[in-house]
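Assemble the whole structure, with the sequences as input and the hints as a guide.
Residues in the sequence shown are numbered consecutively from 1, following UniProt numbering.
Keep in mind that the hints were calculated from the coordinates and are not lab data.
On a predicted model such as this, the values are computed, not experimentally measured, just so you know.
Take these hints with a grain of salt, some might be off.
Unchecked claim - Once the Cα atoms are required to be at most 27 Å apart in a straight line, the calculated BS3-like pairs of lysine-lysine come out as:
1) 151 x 83
2) 590 x 611
3) 598 x 611
4) 12 x 351
5) 216 x 151
6) 570 x 559
7) 310 x 42
8) 310 x 74
9) 12 x 84
10) 84 x 351
11) 570 x 681
12) 646 x 598
13) 646 x 590
14) 216 x 310
15) 42 x 12
16) 594 x 611
17) 646 x 687
18) 310 x 377
19) 559 x 590
20) 42 x 322
21) 341 x 377
22) 559 x 591
23) 322 x 349
24) 151 x 124
25) 452 x 432
26) 12 x 29
27) 427 x 377
28) 351 x 341
29) 29 x 83
30) 432 x 12
31) 84 x 216
32) 653 x 681
Claimed, not checked - So the derived label-pair ranges between C-beta atoms look like this:
33) 607 x 766: 52 to 60 Å
34) 631 x 789: 24 to 32 Å
35) 804 x 658: 22 to 30 Å
Beta carbons are placed, not taken as given, at the ideal position from N, Cα and C, and that holds for glycine.
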Amino acid sequence: MQKSPAGMMSIKAFTLVSAVQRELLMGDKEHIHIACVECCGKNLYVGTNDCLIYHFLLEERVLPAGPATFTATKQLHRHLGFKKPVNELRAASALNRLLVLCDSCITLVHMLSLEPVPSGARIKGAVSFALNENPVSGDPFCVEVCIISVKRRTIQVFLVYEDRVQIVKEVSTPEQPLAVAVDGHFLCLALTTQYIILNYSTGASQDLFPYCSEEKRPIVKRIGTQEFLLAGPGGLGMFATVAGISQRAPVHWSENVIGAAVCFPYVIALDDEFITVHSMLDQQQKQTLPFKEGHILQDFEGRVIVATSKGVYILVPLPLEKQIQDLLSSRRVEEALVLAKGARRNIPKEKFQVMYRRILQQAGFIQFAQLQFLEAKELFRSGQLDVRELISLYPFLLPTSSSFTRSHPPLHDYADLNQLTQGDQEKMAQCKHFLMSYLNEVRSTEVANGYKEDIDTALLKLYAEADQDSLLDLLVTENFCLLTDSAAWLQKHKKYFALGLLYHYNNQDAAAVQLWVSIVNGDVQDSTRADLYEYIVDFLTYCLDQQLVWAYADWLLQKSQEVGVQVFTKRPLDGQQDSFNPDDIISCLKKYPKALVKYLEHLVMDRGLQKEEYHTHLALLYLDEVLQQRASANDKGAAATEAQAKLRQLLQKSDSYRVHFLIERIQGAGLPMESAILHGKLGEHEKALHILVHELRDFGAAEDYCLWRSEGCDAPCRRRLFHTLLTLYLHAGPSANELAMAAVDLLNRHALEFDAAQVLQQLPGSWSVQLLCPFLTGAMRDSVHARRTTQVALGLARSENLLYTYDKVSACPPEQVHCSSSCALTTGTAYVLEVEQHQISLPAPSRTLPALTSFRHQSSAGGVHCRHKRGNRGTEKSHVCKWKPGVPPGWFRTHIHVPSPASSGGFLRCAAALHTCWQRGLPSAGT
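Below, the structure written as structure tokens:
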């Protein structure tokens, strides 16, 4: 016997209830024993060893707080007329017949009267039989019966009707069959040494596994469509399909099992001492019931009946929901879930989904209580838990305005987290960390739909209590935290910066800034941000509330002029820039000179505003700073240099300040460089260069001045500037040597900026060529380069003109003309070319100048004559063209100019003009 090992978890799946007492069967007759049992609906039939059949009517009564009870009422009994026991009973309810196997004969009797059918129909020579619960005949008025025949190694298939039987098939087996079960065309047979699957329609067979019939009683039980349960070797209950494979793991039962039955999801086994219950889902033994002297175990349409020789009992299953709840109460989560999944086939779909979700939720809380957080999270997700059920375990996390009430019946037995953890602070911290993680994951999913306020508010409270940086991330992104509850909680935990973020998210910027200012001023303590002052500046920089910015502008500037002014200088240059008038800001900043300088720099340099007032004001501020620094200690010379650099850069780059006004302010201040720049702005270059050369003796600055003032100017302007500087160097006076070297350096470095011929006339005759070698080399190169560049440009222009002429001439249709023209040209005079059209037709000339095969050019004092030939050799015709002033009516005219009649240029112009005339012959006189 397979005993339950110590510590094995069990469950109460069945209750054993008595159905038929001994007194109803045999009274005081000890020799009468129960041989077989059959149950169909409320009808219970019992066959005895003295060939009696008893018919009982079973009445089931379900008690609210306990298992069902049965009352058996004896209807009648009948003796079959044999002296042999009744071996088997099978009810065919469709035929209202009871099949009785006794003395190797199957008799048909009426189910209610137990009278044999009048026809006397019976099946002889049967050792055992089975009904086909998956018939293939398709006839509703018959049942299919498969028998083990007394003939050796023979199986017979019959069709049984109300009053007759008909043999269908007789099949031979390789060994003597001992037990049979049938499903459709498939027979599952226990032979002498093995189990097989046999298709009686085709004769095909499939060996399953061997066993020894001499050692144990074979069991063959149909448990479903095309699936059987068999007693295998080693105390295993084996499952097999008609294909010869097993789709379920075997169950381990007793070595000497007598009978087996299936009541899904359990397999029930009977041996000499116990009834054992095994799960088909996880193959574990779930229950053990003591039951001695049992020899019959069968299931009838979900009702499991066991019997001894003296009494009949029913195994009443507990409802699956009750079994699952018992498992959950025992914290056996995995078993409960396996059983719940297996119950799917026995429960309507909608009801099962509701039940299964609740079971998953309960299992999740069990795992949560055991601190198995990963498992709990998956169960909560799968069960679609209302997350408020979990939040409600944590005191004060749900908002006071929440209308949530816990599920009824409850999903767990815990009042709150304190009870669950029994006050263990470490466990409580782990539970809170899990809730933070879980809420953060589900807040953006469908699970949060409908109660996002509860989730985000609870998450905010957890973050604040745990001092998590995620609190700030929550508040700066989209959230649904309720202001009242959240504000009170943040104040309680002194999270004032986070409270300001909460105010800002709820469009209460004034309250947010006021709170942050209190933190910076030290009125309240919050070390969340060490750079809170800079954060406030940045916040107000992008704030759209102009009044709020003005309200805190003085506070910002008093804390730091350089940083505070950024609220104006870093403001985005979009539509907001018009909301703050620069003049108003300048008026505000008059008390803060450093901030004023920063703001004017922003207007002038960053935004590029060309308003004279801003540029002049900034220049004056720079000038005042320079003068103050020059008057201070010598150790601040570097700062003075930096201030001067800003002033000089402004004076050079800007064209919008008042130059005369600044010149007046600079006079006598000892700022010659600035004076030079201002004179340059007025175009007084000689004065500016005089200051740089004679006062500052800064020759490099003088050259830079020329480069600066010549930017964007044409070459003559640049040349005048450099010649002016050269003249100052060459008319040096007492310091002739120093300035002479400066002049040499100027010429050698900027040779291209000078007119070499003019320079050579100015230079002293005592200077050597070697001294000016770089200048002269550069000047020659520039001259040659200019000449060659001009030639290239001229050639390109001529090519372009020729292409243009060709395109223009090509666009006009040629005319067959003969021309005879004459002209008289004078050098330097413009004339009109005249062509007289004659009626003589000649072949059309080529469209290019080489078509004129020969030219002869003659000139005289009064004009130019051109004679040319045209045509092939032997057919040439000479034409004389003469140009002369005056245009008779009806002649074609074109303008030409001859600068020198005797030159080849004049000849080419003449030929080109003639060719143009020839190509563009006139269609008629007067054109």
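Checked hints:
1. 151 x 83: holds, 23 Å
2. 590 x 611: With a Cα-Cα distance of about 18 Å, the restraint between residue 590 and residue 611 holds, given a limit of 27 Å.
3. 598 x 611: OK: residue 598 and residue 611 at ~16 Å, within 27 Å.
4. 12 x 351: Between residue 12 and residue 351 the Cα gap is close to 23 Å, so the pair holds against 27 Å.
5. 216 x 151: holds, 23 Å
6. 570 x 559: holds, 18 Å
7. 310 x 42: With a Cα-Cα distance of about 21 Å, the restraint between residue 310 and residue 42 holds, given a limit of 27 Å.
8. 310 x 74: OK: residue 310 and residue 74 at ~16 Å, within 27 Å.
9. 12 x 84: Violated: residue 12 and residue 84 sit about 40 Å apart, past 27 Å.
10. 84 x 351: The hint is violated at about 51 Å.
11. 570 x 681: violated, 32 Å
12. 646 x 598: holds, 12 Å
13. 646 x 590: Distance of about 20 Å is within 27 Å: holds.
14. 216 x 310: Satisfied, since the Cα-Cα distance of roughly 24 Å is no more than 27 Å.
15. 42 x 12: Roughly 25 Å between the alpha carbons, so the hint for residue 42 and residue 12 holds.
16. 594 x 611: Roughly 21 Å separates the two Cα atoms, so the pair holds.
17. 646 x 687: Holds, because 23 Å separates the two Cα atoms, which is no more than 27 Å.
18. 310 x 377: This hinted pair is violated, its Cα atoms lying about 54 Å apart.
19. 559 x 590: holds, 16 Å
20. 42 x 322: Status holds; Cα separation ~25 Å.
21. 341 x 377: holds, 19 Å
22. 559 x 591: holds, 13 Å
23. 322 x 349: Answer holds: residue 322 to residue 349 is near 18 Å, not above 27 Å.
24. 151 x 124: Roughly 11 Å between the alpha carbons, so the hint for residue 151 and residue 124 holds.
25. 452 x 432: holds, 19 Å
26. 12 x 29: violated, 36 Å
27. 427 x 377: Roughly 17 Å separates the two Cα atoms, so the pair holds.
28. 351 x 341: holds, 13 Å
29. 29 x 83: With a Cα-Cα distance of about 17 Å, the restraint between residue 29 and residue 83 holds, given a limit of 27 Å.
30. 432 x 12: Violated: residue 432 and residue 12 sit about 37 Å apart, past 27 Å.
31. 84 x 216: The given pair, whose Cα atoms are some 25 Å apart, holds under the 27 Å limit.
32. 653 x 681: holds, 10 Å
33. 607 x 766: 52 to 60 Å: holds, 57 Å
34. 631 x 789: 24 to 32 Å: Hint violated: Cβ distance 57 Å, outside 24 to 32 Å.
35. 804 x 658: 22 to 30 Å: Hint violated: Cβ distance 54 Å, outside 22 to 30 Å.
Going through the hint list in order, the structure does not satisfy hints 9, 10, 11, 18, 26, 30, 34 and 35.
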